[in-house]
Amino acid sequence: MADSASSPFAGDGPELTFRKGLDSGEFKIQKCNDCGSTIYYPRAVCNHCGSANYSWHTASGNGTVYSTSVERTPPEKGGNQNLAIIDLEEGGRLMSRVVDIDPTEVKIGMAVKAFIGEIGGTKLILFRPA
Amino acid sequence: MTHPLRGSSAVVGIGLTEFGDLPGKTAIEVLAEASHNALADAGLTLRDVDGLFTSSMERVFHPLQVCEYLGVQPKVIDGTNIGGSAFVNCVHTAAMAIATGECEVALICYGSISRSNRKNKVRGANPNAGALHMSEYQSRQPIVSYAMAAARHMYQYGTTREQLSHVAVSARQWAMKNPRAEMRDPLTVEEVSNARLICDPFTLFDCCLVSDAGAAIVMTSAERAKDFPHKPVYLLGIGTAITHDQIGQMPDLTVTAAAQSGPRAFAMAEMKPSDIDVAEFYDAFTINTLLFLEDLGFVPKGEAGPFVADGNIAPGGSLPVNTNGGGLSCVHPGMYGMFVTIEAVEQLRGGCGERQIDGAQVALANGNGGVLSSQVTAIYGTDETL
Chain A
114 MADSASSPFA GDGPELTFRK GLDSGEFKIQ KCNDCGSTIY YPRAVCNHCG SANYSWHTAS
174 GNGTVYSTSV ERTPPEKGGN QNLAIIDLEE GGRLMSRVVD IDPTEVKIGM AVKAFIGEIG
234 GTKLILFRPA
Chain B
222 MTHPLRGSSA VVGIGLTEFG DLPGKTAIEV LAEASHNALA DAGLTLRDVD GLFTSSMERV
282 FHPLQVCEYL GVQPKVIDGT NIGGSAFVNC VHTAAMAIAT GECEVALICY GSISRSNRKN
342 KVRGANPNAG ALHMSEYQSR QPIVSYAMAA ARHMYQYGTT REQLSHVAVS ARQWAMKNPR
402 AEMRDPLTVE EVSNARLICD PFTLFDCCLV SDAGAAIVMT SAERAKDFPH KPVYLLGIGT
462 AITHDQIGQM PDLTVTAAAQ SGPRAFAMAE MKPSDIDVAE FYDAFTINTL LFLEDLGFVP
522 KGEAGPFVAD GNIAPGGSLP VNTNGGGLSC VHPGMYGMFV TIEAVEQLRG GCGERQIDGA
582 QVALANGNGG VLSSQVTAIY GTDETL
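Line order of the protein sequences matches chains A and B. First residue of the first sequence? That's 114 in the numbering used here, and the numbers climb one at a time after it. First residue of the second sequence? That's 222 in the numbering used here, and the numbers climb one at a time after it.
Rather than coming from a laboratory, the hints here were simulated on the basis of the structure. A portion of the hints provided could be inaccurate.
Stated by the list, open to error - Computed footprint of chain A on chain B; a stretch qualifies when at least three of its residues, placed anywhere within it, have a C-beta under 8 angstroms from a C-beta of chain A: (1) 348 to 359; (2) 371 to 383; (3) 467 to 474; (4) 564 to 570.
Virtual Cβ for every residue (Gly too), placed ideally from N, Cα, C.
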């Protein structure tokens, strides 16, 4: 059995590593060293091949809208909001919001760029038109 | 070689409560009423139950509470929650337990007061709490997830707003033939398309009801099934599949896990889509019906919109779908899975009155869970199909 220091599970878990990245202004994503796939969201094992052998990279932040909707809300309750699913350039997909644009103008296939924003006090990845 | 589960168990009892507003009742009272009705329908009592299968959005220890409340100490218990499809998944696990002799009388039961809770502003557990890298976006779930699946289907296959509306209108036309259905007023394509937008492209009428209701069924072995008051409805095939938890992790928003669960169920039943006389889909939203028509092999991928717009799933069409009116127009108490099963059984018993499909011998019931996350497909038949 490998000693604990050389275990791929040693140290901070991938969730904390990701969150620390956001706190320092970096959008970090994992890439599997065995199958080469991007792992997103962060995981302790590759969801494509099961390997625990991965490395961290800084995401380009370039993405494409895979699908989109508008959550219809009256203006007095905060107004309409976009919700979208974004395909990352490196591979991987996430639910997010595209902001700084009329929510109804977000279209499938649109190029978007990630930034680190905040909702309800939690730092997270948001997008705006590229 | 014939699969050992094919025709090995049967539904011998079904029970429902009133649908809609059940003021003054708790969820477990509704569950108990449906269970009592299902057992009475089978000529049994709670003392006969030795397998208990249930699920709930309300409480982690729900199966313990159900057993305690009903006063049963079953030998087999399953309370797995994979969303509203859980109750079709229960049919799968109950059939395995019956076939292996682990239990003889399986009660599958559900009760909910979703509408009363909404009216009284009682908030249940948030199913999205803890959804990884999703819950913090505070989105309007589950509606917006299904809306994004619809948006993608429209983008990829040219499915139209009007075609989605035809799904709701077809369901309403069936509901108008069902005295138990909640929504029985005529509905037009224009009314659906022009209704208030909720999450684009969905309007109000693309979304299911929120009801108070309970439902239960009793299953037993095929050998015992012949001795019950009603003619048995045999489970011929069943398949379970899951692709994701949250919609952002769904591999392809236009292909559900029914593309896996369906072929498994058909293989077990030794049947194909053209053998199905009547189909009951979990239509939480209009897009569901289109996706399941395609994924279960009734039409090629991308062609469900025109198929529905041509009237094929409505009364008088080539493939009767959601003959009770579905979650869109009959009833939807948070988890609809039990109701696809009960309508399939009622159609094969032959007692559906104005909405009865003449000579129906094979029925398909497809349960959906989460946000298109889990799918369980069951195929039932009369004794002629064994």
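Tested hints:
1. 348 to 359: Contact hint for the region 348 to 359 of chain B vs chain A: holds, 6 residues under 8 angstroms.
2. 371 to 383: holds (count 3)
3. 467 to 474: With 5 residues closer than 8 angstroms to chain A, the region 467 to 474 of chain B meets the three-residue bar; holds.
4. 564 to 570: violated (count 0)
In summary, the one numbered hint that this structure violates is 4.
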